[in-house]
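Undergrad: The listed protein sequences derive, respectively, from chains A and B.
With my numbering applied, the first sequence corresponds to residues 1 to 255, in that order.
With my numbering applied, the second sequence corresponds to residues 1001 to 1177, in that order.
Among the clues, some could well be false.
Per the computed footprint, the stretches of chain B lying under chain A, defined by three or more beta-carbons under 8 Å from a beta-carbon of chain A, are [stated by the list, open to error]:
id: 1; stretch: 1039 to 1050
id: 2; stretch: 1064 to 1077
id: 3; stretch: 1127 to 1141
id: 4; stretch: 1151 to 1164
In silico contact screen, one side only, chain B against chain A (beta carbon under 7 Å); selected entries [claimed, not checked]:
id: 5; residue: 1003
id: 6; residue: 1008
id: 7; residue: 1012
id: 8; residue: 1013
id: 9; residue: 1014
id: 10; residue: 1018
id: 11; residue: 1019
id: 12; residue: 1105
id: 13; residue: 1110
Hints in this document: simulated from the structure, not taken from any laboratory.
No experiment lies behind these values; they were computed from the predicted model shown.
Note that the Cβ used here is the ideal one computed from N, Cα and C, for glycine as well.
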Amino acid sequence: MNCQQARPLVDFYADGELDAAGILELEKHIHDCPACALAWRNAQALKKSLKQDALFFTAPTELRRAIKAELRSQIETKPRWNFWNWNWLTTATTTVATACLALLLTLSLTRPSEEQRITQEIVSSNIRSLMADHILDVVSTDQHTVKPWFNGKLDFSPPVKDLAAQEFPLIGGRLDYIGGRSVAALIFHRNKHVVNLFIWPANGKDAKPATSASIQGYNVIHWSEANMAFWAVSDLNEKELMEFVQDYEAEGQLK
Amino acid sequence: MDDRERLKAFEQVVLPHLDAAYNLARWLAGNDHDAQDVTQEASLRAFKFFGSFRGENPRAWLLTIVRNTFYNWLQKNRPPEIAGELDDEALMVEDVSVNAEAINLRVADAETVQRAITGLPVEFREIVVLREMEGFSYKEIADLSDVPIGTVMSRLARARKQLQKALASEFQTGGAK
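Start from the sequences, fold in the hints, and give me the full structure.
TA: Put into structure tokens, the structure is as follows:
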């Protein structure tokens, strides 16, 4: 083998594309020929230079995401032309659209308002607290104990009042969860009845006079004042619960 | 197979090679923005033609589509770059007559190598990526790039010669460590 024959084989060898007989001959030639040995070393140095992780570009995350999203949307919107004829498709589309519209109307007309939803949540929470015997996190008839107990547990400070003088003694407080946020619950007694008073920030809504509702045998009264929303719930009759509300409002806020 | 299953299979079989697809597109197009366009278009085309995928090497299959998408894109966006047709025939002879004995190459740093590859004509960049970064055989490259295997060898030899020269001159000017 001479240099003319050997030189192109150097690359094939480096690429693993040379057969066994070729390798033997080439190695023998390289052993005796400094010029071809240099070519061999250069080929290896070049190969190493090209095989660096830093030279490999990885696909940007946003590209990956865009492609996946595009593929998804393609299969979701692709109509099946081949199987359905046009008339059929048009009829079907119209029918589906009409049905959707009707459903949408029904839903929007019958969908509970936010107020109704919260009323339901308040009543459920009241029932849960009574059933699970988990009505109190902090047991104290002293508002000076109950109010500080909420510190660090809520992102607001609920006004805590004791209405013992009005025969609605404060029993304690607990943390609760209403309408997607943590709220304060204060518990008062009247005779054997329990009044749960839920308090959370009114988020800038205007002061609102008390309105009452009744579901599942419970009366619910809510109002807002001083940028706080108040929801009182009890199995007391509406009149007595309204008394509680008025007493609570009338009582000067104590610290 | 419904559309959902087809997409799932595509995501499992083909999309793992998205990095390879982007890498090839990036070296061919020369910048990130165009590479992303090419890769995205190629991926969508691949999904469209996924029905014709017969279980061969999915990476080679995807890169074939990336390559074709890129040359279509190039024709539309940068026609001058492909104007200079490669004279593959003349090359075989030239490459065999070696006159680079003076070069004593060392392993160069990535930045230097990147500059050297960027200086190659697009067909050479393609073959360098397919051979050195993706490790495809001559035969696989010939199928992928739709050229005879002899052309693969000659282009590869020429690309390497240019790279060696470029890197050697970088050493002389102190561009490499």
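Undergrad: The structure should be examined with respect to each hint, and the outcome stated for every one.
TA: Results of checking the hints against the structure:
no.: 1; hint: 1039 to 1050; in the structure: holds (count 5)
no.: 2; hint: 1064 to 1077; in the structure: violated (count 0)
no.: 3; hint: 1127 to 1141; in the structure: holds (count 6)
no.: 4; hint: 1151 to 1164; in the structure: holds (count 6)
no.: 5; hint: 1003; in the structure: holds (4 Å)
no.: 6; hint: 1008; in the structure: violated (10 Å)
no.: 7; hint: 1012; in the structure: violated (12 Å)
no.: 8; hint: 1013; in the structure: violated (13 Å)
no.: 9; hint: 1014; in the structure: violated (10 Å)
no.: 10; hint: 1018; in the structure: holds (5 Å)
no.: 11; hint: 1019; in the structure: holds (5 Å)
no.: 12; hint: 1105; in the structure: holds (4 Å)
no.: 13; hint: 1110; in the structure: holds (4 Å)
Consistency note: the structure conflicts with the earlier hints numbered 2, 6, 7, 8, 9.
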